[in-house]
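Positions 0 to 108 (numbering that gives the first Met the number 0) are the ones given, in order, by the sequence shown.
Be a bit skeptical, because a hint or two may be false.
Pairwise CB distance ranges, derived in the manner of DEER restraints [to be verified]:
{"id": "1", "residue 1": "T28", "residue 2": "R103", "range": "31 to 39 Å"}
{"id": "2", "residue 1": "A62", "residue 2": "P84", "range": "15 to 23 Å"}
{"id": "3", "residue 1": "P84", "residue 2": "D29", "range": "19 to 27 Å"}
{"id": "4", "residue 1": "Q59", "residue 2": "G97", "range": "14 to 22 Å"}
{"id": "5", "residue 1": "R87", "residue 2": "K32", "range": "32 to 40 Å"}
{"id": "6", "residue 1": "K32", "residue 2": "P84", "range": "35 to 43 Å"}
{"id": "7", "residue 1": "R87", "residue 2": "D29", "range": "17 to 25 Å"}
{"id": "8", "residue 1": "P68", "residue 2": "A48", "range": "34 to 42 Å"}
{"id": "9", "residue 1": "N91", "residue 2": "D29", "range": "32 to 40 Å"}
Source of the hints: derived by calculation from the structure; they are not laboratory data.
By construction, the Cβ of each residue, glycine as well, lies at the ideal position given by its N, Cα and C atoms.
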Amino acid sequence: MQTECKEERGEDLLHPQVYECTLTSMTLTDAQKRLTEEETEIVVDWSQALSGDFSSDIDQMIAWVSTYPNRRGMHVFLGARRHHPTGRKLQNALQALGCRVTNRSYQLV
């Protein structure tokens, strides 16, 4: 049974696409509070995105990560391939934002 999300807006929230209302009783404020807690970790696997030509998307990727309130709790996997200068730019930018970056593919266990 799908119910409508309670909607709240604010300048410091993540991009609206991030909130897909997976928990129907959670408001955006609740989600924001949960994301800023230290023990919350977000894992992002961009290994497939980096396998092709992504040079036009790199600024959007960096902008998306910069909207996250607790970037120290974000772990980004870039894949095991050798990265071109644009991949190195992405890695350096993510590390400058405080993210943990791993040059391996993410493995579910």
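Hints, one by one, checked against the model:
Distance hint for T28 and R103: a CB-CB separation of about 35 Å, consistent with the stated range 31 to 39 Å. At about 19 Å, the CB distance of A62 to P84 agrees with the hint of 15 to 23 Å. Restraint check, P84 to D29: a C-beta distance of roughly 41 Å breaks the suggested window 19 to 27 Å. Range check, Q59 to G97: about 19 Å between beta-carbon atoms, so the 14 to 22 Å window is met.
For the hinted restraint 32 to 40 Å between R87 and K32, the CB-CB distance of approximately 35 Å keeps it satisfied. In this structure the supplied range 35 to 43 Å holds for K32 paired with P84, their Cβ-Cβ distance being about 38 Å. Separation of R87 from D29 is about 37 Å and departs from the stated range, judged on CB atoms against 17 to 25 Å. Distance hint check: the CB atoms of P68 and A48 are about 23 Å apart, inconsistent with the given range 34 to 42 Å.
About 34 Å separates the C-beta atoms of N91 and D29, a value consistent with the hinted range of 32 to 40 Å.
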